[in-house]
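Undergrad: In order, the protein sequence lines correspond to chains A and B. Residues 0 to 357 in numbering that gives the first Met the number 0 are what the first sequence lists, from first letter to last. Residues 0 to 276 in numbering that gives the first Met the number 0 are what the second sequence lists, from first letter to last.
Note that these hints are calculated values from the structure, not bench results. C-beta atoms are modelled at their ideal positions from N, C-alpha and C, and glycine is treated no differently.
Simulated pairs of lysine-lysine, PhoX-like, Cα-Cα distance not exceeding 20 Å: (1) A/K118 - B/K3; (2) A/K73 - B/K84; (3) B/K216 - B/K238; (4) B/K84 - A/K266.
Just so you have them, the derived chain A footprint on chain B, three or more residues with Cβ under 8 Å: (5) 2–16; (6) 51–62; (7) 85–97; (8) 233–246; (9) 250–263.
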Amino acid sequence: MELVKYLKSADLKSWLQELARENRVFAPRNEGDSVIFAPFDPEQEIAIVHPATLPPKKTVFPQSEKLVDFTYSKDPENLSRIMIDGKEVLPEGTAVVFGGRPCDVRGFTMFDRVYLAEKSTDIYYQARRENTTFITLACEKPETTCFCHWVDSGPTDATGSDVLATVVDGGYVLEALSDKGSKLLTSTLLENGESRKDEARKAHEKAAELLQDAPDLSGAPKKVLQVFDTMEFWEEAAAKCLSCGACAYLCPSCYCFNITDETIGMKGTRIRSWDNCMSAQFTMEASGHNPRPTKAHRLRNRVGHKFSYYPDIHDGVISCCGCGRCIKSCPVGTDIREIVLQAIEYEPAVGEEQADEQ
Amino acid sequence: MNNKNLYLPEMATINEVIEETANIMTFRVILNNPDAMENFSFEPGQVGQLSSFGTGEATFVINSPPTRKEYLQFSVMRAGEVTSKLHSLKPGDQVGVRAPLGNYFPYEDMKGKDILFIGGGIGMAPLRTLLLYMLDNRKDYGKITLLYGARSPVDMAFNYEVSSWLERDDLETHLTIDAEFEGWPHTVGLIPNVLLDIAPSPENCVAVTCGPPIMIKFTLQALEKLGFTDEQIVTTLEKRMKCGVGLCGRCNIGTSYVCMDGPVFTYAQLKELPNEL
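Extracted from the complex, chain B is given alone in its bound form (with noise of 0.2 Å):
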């Protein structure tokens, strides 16, 4: 048994908001303890709940990867209560921070292998973490793909990273958005329709996903198509969360706790859990 406070955040002071869509916003945040901020570490795929006092909290994941450390980054999208006080937020407003929760991504276990990132909507910001870890640990992994689309180009978060990732020689971006726009340079399909046409080699190759569970739904179909197994594919959960620590009872699928045996399954282990996502 430990003493620590379960329930107590650290306060954090907010550094920076970027606008992402219409419905998604991006906090920068620094905890307010400079030795905590220090010694706060992470894996990619962790999760975190983030308060704002009198609202309550929500959980998102730490979508900066661990090799940044300067700030931690929580990608909001505006749905209920919480999320909405948090998008009337601004630079140097407080907020509670308790993280890091949950499992993260098997990076070492991928190592030396090709991975292929499938990202719909907001379902890219955990994806973000990883590819950004792996970005910065390049030589450890094989070809990256990466598969990102959203329902338009305005509802693209990341924007403003995804040019630079297109311009990268050592990451395949494919872009696809819902339907045509004016002007859109890239792919128009949904997600699991491109992924078939792109049709990535499952040859020592793990696929990472994460979005709204009917593209999820789909995803998963295609990528049995082309012949990717259970083991071979990895995704990300989201539930109702309170505690984020096992206790309060809300997020188990049968015996599994996605706030502490989650949020990173594979597919493989999702099989084997009772069908109630």
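Looking at chain A on its own, in the form it has when it is part of the complex (with noise of 0.2 Å):
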């Protein structure tokens, strides 16, 4: 399987061009202060220079989805009863997503231990993610937010990636890392890329001696749980946050959702759409009662579930990527690296500890 390949920088649109002749395809480009991930239009430039505002979530899991269309009919022999009917909405079609940050792509194998789980397989998810072919563009420097080597993970991590693009002289070197991504490589634009392998190989190892050390995060399961009923820590912790949930809906491998029922007419659909656990709503009961009543319950579960609930049940994989997205635009401020270091260093107040044991 091992492919490589060797693209010039002027032929990249022309690439991205024939492939979305079979695929759409998805890259980053700027919107207003943002960089998104939008279908590719050739009249607009590819913004790779920085990681995109928003990761590429969306095109394997969308903001907002169809999960079955109802419509009603009335029985020809009595008019006072209603039927319904519901249909399956599966999405259709291949993707592809140019330019994704390892962090991105590997956001969504958080989400195949969930989704692809053999109990319950979330087929509108299998489906994007079978047909969806990522080519993930390598880190070449770490910004102040980035620490995806906190989290077993490196600027040129290619897990759940297909093809690694290495920038190099020129152009980008492109590796196949699976058989999907093999046949993304097989336009006439591309080159061979054997004689430019050793270039993005030093490209890696540069990009990896620019890394500052990173902390033990192992014992970060176990300290998180710890902490779970002091809720002075929490309380400290979540004590600027908006509840806005820009964390939540920024982050790669955050999956949570809500599902709601739009109808017009005699015709409706059940949609499932992102939802955030820091809102309020998120966990409330008809009855009014809420598990989780205050924003520094809410964080606690945010907190824990990616550093400790989550680890627990997969194997010990922390559910963050250390993208750095929920960092960058907290409008806060607040920093889930510093919890979680906060969290391991934490040291119950003398006494306290027995205190907790009555």
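Each chain sits in its own coordinate frame; assemble them with the hints.
TA: Written out as structure tokens, the structure is:
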């Protein structure tokens, strides 16, 4: 499967245009002050200088998607009787995502463990996941909010990707990592990349050298759970939080959703949309009871899920890719790295430990 | 992996509506697809998502027992949008059913033991399925005691069955209401206090309880006082749920998803989980 190609920068758009003949192609582009993944448009610049503001999460897990279409009809024998027919709406077609970063694409592997599990396979996610090919761009240098190397990843980690693209002088070295990836690398625009492999290797080494030391998070699952009942800890961590949910919406590995119905006339749709665990409504029960009544409770679950519960269920894998978007886009500067480190270093005040055990 | 659509409900027809109390209605539904109805199997304590298309879905226990398969029964207390919509439905109306979901009461492990049911209000619904299952398999279980409480006689669901339960000599039934009510021949008092008065023996007994959080809190204390261990107490939980299959992320208590790992837990299991009920 070792297939390596070289693409001249000048040919990138032409190549994506070729791919767009048979696939929906998504690439990052500027929109206002943000960089988003949008359907590829050759008239627009591809914005790959910095990681995108939003990850390409929606290419596999749309912000909002149809699950079931339903129609009402009157029973001709009994007009007061309304029959309802529900039909599944499964995603169709193939897609290629160009320019996601290793953290962005690795996020889908966090989904995979849950959405593709034997006991409850989500066929909507499965269809898109299988029909989407990721050409991931290796990172050259970390931003201040980047911490992928804290969570068992790194700037050239290709986990979950099908092709790894590395910027070299004059173009990109493209390495196929899966059969799906190999199938994309057949264009005549691509040259044999064997001779440029070393350049890519050197770029990877250089990116790794720029990383600062990473703290050891192996104790996080246990430590985060140990401060579960220490509400002061969570109240302080959540003190600034506005419950806006930007952290969840921008996270490549956040997969919680809501299901709602919309009806117009005799037709309707059951829709799945991204949800936000920082919202008070998220767990609010019809009775008015809320098991996570304050933002401190909700932040506790958010951090707990990523750094304790998920790793406990899934062989120690932390459900955070270290992309840093939750830090960069948080309007009040909440930093999940600090919260996790503080939990790891937390020492109960003298006497508190015994009191907790009673 | 399988190809079953987790979100597509089976369409079903409401066969019968029973007005239990001012805010509780029971729906008996039959799946429209005869094969699906014929092959539908579940265990006592499992839940289902009942949907009214255009409004949404909510989770209810299937409170008819698996031993009686003519229909699936759900008792719905009016509380929010979906339950209000369901309350407007009548026989012949269509609903969606995604079921069965979740785990169930460990009725096999309970064989040969005395069983103590303690139900408060709508909390009686999940107990009903297990109680009827046990009455249908009566010889497998020891002494069965039921303590069922409601705010007042008019808040007591399953009234029409309760009288037949009182008549059975293989079931000891205690009914209680919170405050004096004219013509009420049974006990008056809060469930935990009545429980202490009845004082059932914990010897070879399993207590199964469900009800509002405040009742559960004091009932657990009463059971502890009577000598029940955490392993001898079984309860079933309620949480806001959307998917019902462990994906949407809102019903977890730490690593446990109430929709998949629950809703049935022993008190011992609950104590192992983070305190976030």
